[in-house]
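A.B. asks: Each chain is listed here by its residues.
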Amino acid sequence: MSDIPPVVEFTGVHKTFGAYRAVVDINFQVQKGEFFSILGPSGCGKTTTLRLLAGFEEPDDNGGTVRIAGEVVNKKRPYERNLAMVFQNYALFPHLSVERNIAFGLEMRKVPSAEIPPRVKKAMEMVRLDPGQFARRMPAQLSGGQRQRVALARALVLEPTILLLDEPLGAIDLKLRKEMQLELKQLNKQLGTTFVYVTHDQEEALTMSDRIAVMDNARVAQLGTPAEIYECPRTRFVAKFIGESNFFEGVAQSQGPDGWRVDGSGGRFEVPAHPSITQGSKVAIAVRPEWLDVAPPDAVPPGENAIRGTVTDVIYLGETLHVLVAVADGEGERRVTVAVRNEGQLSRPIRWSKGDAAVVCWKPADCQVLEDA
Amino acid sequence: MHSLKLPRWLVAFVALVYAFLHIPLLVLVVFSFNASKYGVEWTGFTTHWYARLWERQDIIDGLKASVVVGVSSTLISTLLGTLMALAIARHEFRGRRLMEAFLYIPIVTPEIVVGISLLILFVLLNFPLGLVSIVIAHVAFNISFVVVVVLARLQGMDRNLEEAAMILGADEFTTFRRITVPLLWPGILSGAMLAFTMSFDDYVITSFVTGTGSSTLPIVVYTMVRKNIEPSINAISTIILIITTILIFAADRLGRDKPLVHSAD
Ligand SMILES: Nc1ncnc2c1ncn2[C@@H]1O[C@H](COP(=O)(O)OP(=O)(O)OP(=O)(O)O)[C@@H](O)[C@H]1O
Ligand SMILES: [Mg+2]
Numbered sequence: 008m009s010d011i012p013p014v015v016e017f018t019g020v021h022k023t024f025g026a027y028r029a030v031v032d033i034n035f036q037v038q039k040g041e042f043f044s045i046l047g048p049s050g051c052g053k054t055t056t057l058r059l060l061a062g063f064e065e066p067d068d069n070g071g072t073v074r075i076a077g078e079v080v081n082k083k084r085p086y087e088r089n090l091a092m093v094f095q096n097y098a099l100f101p102h103l104s105v106e107r108n109i110a111f112g113l114e115m116r117k118v119p120s121a122e123i124p125p126r127v128k129k130a131m132e133m134v135r136l137d138p139g140q141f142a143r144r145m146p147a148q149l150s151g152g153q154r155q156r157v158a159l160a161r162a163l164v165l166e167p168t169i170l171l172l173d174e175p176l177g178a179i180d181l182k183l184r185k186e187m188q189l190e191l192k193q194l195n196k197q198l199g200t201t202f203v204y205v206t207h208d209q210e211e212a213l214t215m216s217d218r219i220a221v222m223d224n225a226r227v228a229q230l231g232t233p234a235e236i237y238e239c240p241r242t243r244f245v246a247k248f249i250g251e252s253n254f255f256e257g258v259a260q261s262q263g264p265d266g267w268r269v270d271g272s273g274g275r276f277e278v279p280a281h282p283s284i285t286q287g288s289k290v291a292i293a294v295r296p297e298w299l300d301v302a303p304p305d306a307v308p309p310g311e312n313a314i315r316g317t318v319t320d321v322i323y324l325g326e327t328l329h330v331l332v333a334v335a336d337g338e339g340e341r342r343v344t345v346a347v348r349n350e351g352q353l354s355r356p357i358r359w360s361k362g363d364a365a366v367v368c369w370k371p372a373d374c375q376v377l378e379d380a
Numbered sequence: 060m061h062s063l064k065l066p067r068w069l070v071a072f073v074a075l076v077y078a079f080l081h082i083p084l085l086v087l088v089v090f091s092f093n094a095s096k097y098g099v100e101w102t103g104f105t106t107h108w109y110a111r112l113w114e115r116q117d118i119i120d121g122l123k124a125s126v127v128v129g130v131s132s133t134l135i136s137t138l139l140g141t142l143m144a145l146a147i148a149r150h151e152f153r154g155r156r157l158m159e160a161f162l163y164i165p166i167v168t169p170e171i172v173v174g175i176s177l178l179i180l181f182v183l184l185n186f187p188l189g190l191v192s193i194v195i196a197h198v199a200f201n202i203s204f205v206v207v208v209v210l211a212r213l214q215g216m217d218r219n220l221e222e223a224a225m226i227l228g229a230d231e232f233t234t235f236r237r238i239t240v241p242l243l244w245p246g247i248l249s250g251a252m253l254a255f256t257m258s259f260d261d262y263v264i265t266s267f268v269t270g271t272g273s274s275t276l277p278i279v280v281y282t283m284v285r286k287n288i289e290p291s292i293n294a295i296s297t298i299i300l301i302i303t304t305i306l307i308f309a310a311d312r313l314g315r316d317k318p319l320v321h322s323a324d
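Top line first, the protein sequences correspond to chains Z and S.
Just so you know, the working numbering puts the end of the first sequence at 380, numbered straight through with nothing missing.
Just so you know, the working numbering puts the end of the second sequence at 324, numbered straight through with nothing missing.
What the hints contain is simulated information worked out from the structure, not anything from laboratory work.
A virtual CB, placed ideally from N, CA and C, is assigned to each residue, including glycine.
Be aware that one or more of the hints could be misleading.
Derived contacts from chain Z toward chain S, CB cut-off under 10 Å, selection only [unchecked claim]:
hint : residue
1    : Phe63
2    : Arg88
3    : Asn89
4    : Asn96
5    : Tyr97
6    : Phe100
7    : His102
8    : Leu103
9    : Phe111
10   : Gly112
11   : Pro119
12   : Ile123
13   : Ala158
14   : Ala162
15   : Arg295
Start from the sequences and build out the full structure, keeping to the hints where you can.
C.D. replies: As structure tokens, then:
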């Protein structure tokens, strides 16, 4: 297992445009058949990273190496890399019909001409585009979703070992997007193709990926499985960007058997031991809304952290309810979001309403200590 | 597109402008069929002046020279202009912006100035005046127009298309041939049309750089006008008018080709 090199490997990759550092010290490996996502806000360097892999950009001099199947490809042209890619804007050739678009890559890769039509047909069926209806259409005569499918078919028809996708679902309505997400995931498992998938949609990344590289400001902020990223965000950025988080800050006071006692502006709380915490150091933790609970001030479960506050709002979301609690924060106050399961508001309404005195509580282990306190 | 109802006064105004623009041309066309040899009164319909054109060797030579000059200067300026547009659009180099700005200088410079300066240049270089010098002069004033037209098309073109071709396995040359050129083609064609039209009816610049031998049709016609006026001038002018009009319409249609980038909506 360990002698098979990763399909894709970035080692210390830097890319500078003029004086602008678009990508800084990128390191990651993608294994064969993996669904690997690059997730981050607009302008963080996702497309640049993908373009470095595709060969449209070259790393800076002494700016690290990009490897494909173990081989350094820094200087290789895109057409020498045997990849397939779906572009953010699809990039269908406007002067070629759908079938000619899909056949283009096969022609370029010198596939015998007798094999081309059946493979084009198969690729169209794979993305559920009826060949009889769409093969002869021009790209301008297609809807956004259909174009996206053609772009996908044009890439899949090559039976690539690595498929690069740059926000391919960005321009599609929610319902179709959900469907396509499942289909892409299925194709990934079915074909054994390695997917490198760029998105700025955290939900999309969580549902589809085997692993995610979260990018922030030209760097990889965290690399891990969806569960690792969601449940153990290492930085404030990751905790904020993926899902919702409540943050509590304070100063480490004393070490107990299971962790540290922290003096926060809104009250005391305990956190698990963490290598970044020393006596008197600043501590910041992230707590997901569903890890929190609200309790009446006199009924705090024993052993839990508790911070006093006042309910300011209850938001009905269907599956869950969000109870917003204002807690003291230094001189001011801040809002904490607590997610509560909805057990039926008509039969068993929750007891909280605006103005109630309440305590936000959580088990000391149910938090994530952030590295950038 | 809404079909807006224009106010009456605006319709009248537009009609007047069009009349002002085109009545002189219409008169010319009508009088090319006038039987009278002199002046402006209508004495009957004839196609005599068209038939007479074929007897005038100078006119036929002029037409031949115009076609030769038009075609060769169009081919050369379209090729060079397209390459230049590609260089400007696709490569970052020092002085690129300046170069783009300098493109417009030949376009806005009065023709007479261009003509004089070309003449001075030819004389300085001891270059013989004749069809070759005319072709060079026409290439010189046409290149800018071609570059501007092709550049507009190139700048509206999605770079991702060429990258998509490359990742699909096409090398630089194949990408250029299969993707760039077809997408650029309408721009190249309308640039060429524009170049040919301008070359075909240029008088001012040609008059400076023409030699003593045969010259282009506009020069021949002007010489005729000065010597003796006869309605075959109207006939040849009508023919030029028709050719020019056809070319302009053709160029316009090509310019209105389908848009290059479709938004992914
Ligand atoms: N060719 C270039 N020249 C100069 N700057 C560039 C170039 N390409 C990208 N950049 C800059 O690099 C940064 C990262 O760009 P990139 O396209 O990788 O972002 P992204 O993460 O894909 O964003 P989005 O989600 O908006 O697509 C941006 O600030 C961008 O302006
Ligand atoms: Mg991008």
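A.B. asks: None of the hints should be skipped; say for each whether it holds.
C.D. replies: Evaluated hints:
no.	hint	verdict
1	Phe63	holds (5 Å)
2	Arg88	holds (8 Å)
3	Asn89	holds (8 Å)
4	Asn96	holds (5 Å)
5	Tyr97	holds (5 Å)
6	Phe100	holds (6 Å)
7	His102	holds (5 Å)
8	Leu103	holds (9 Å)
9	Phe111	holds (5 Å)
10	Gly112	holds (4 Å)
11	Pro119	violated (15 Å)
12	Ile123	violated (13 Å)
13	Ala158	holds (9 Å)
14	Ala162	holds (8 Å)
15	Arg295	violated (35 Å)
When each numbered hint is compared with the structure, violations occur for hints 11, 12, 15.
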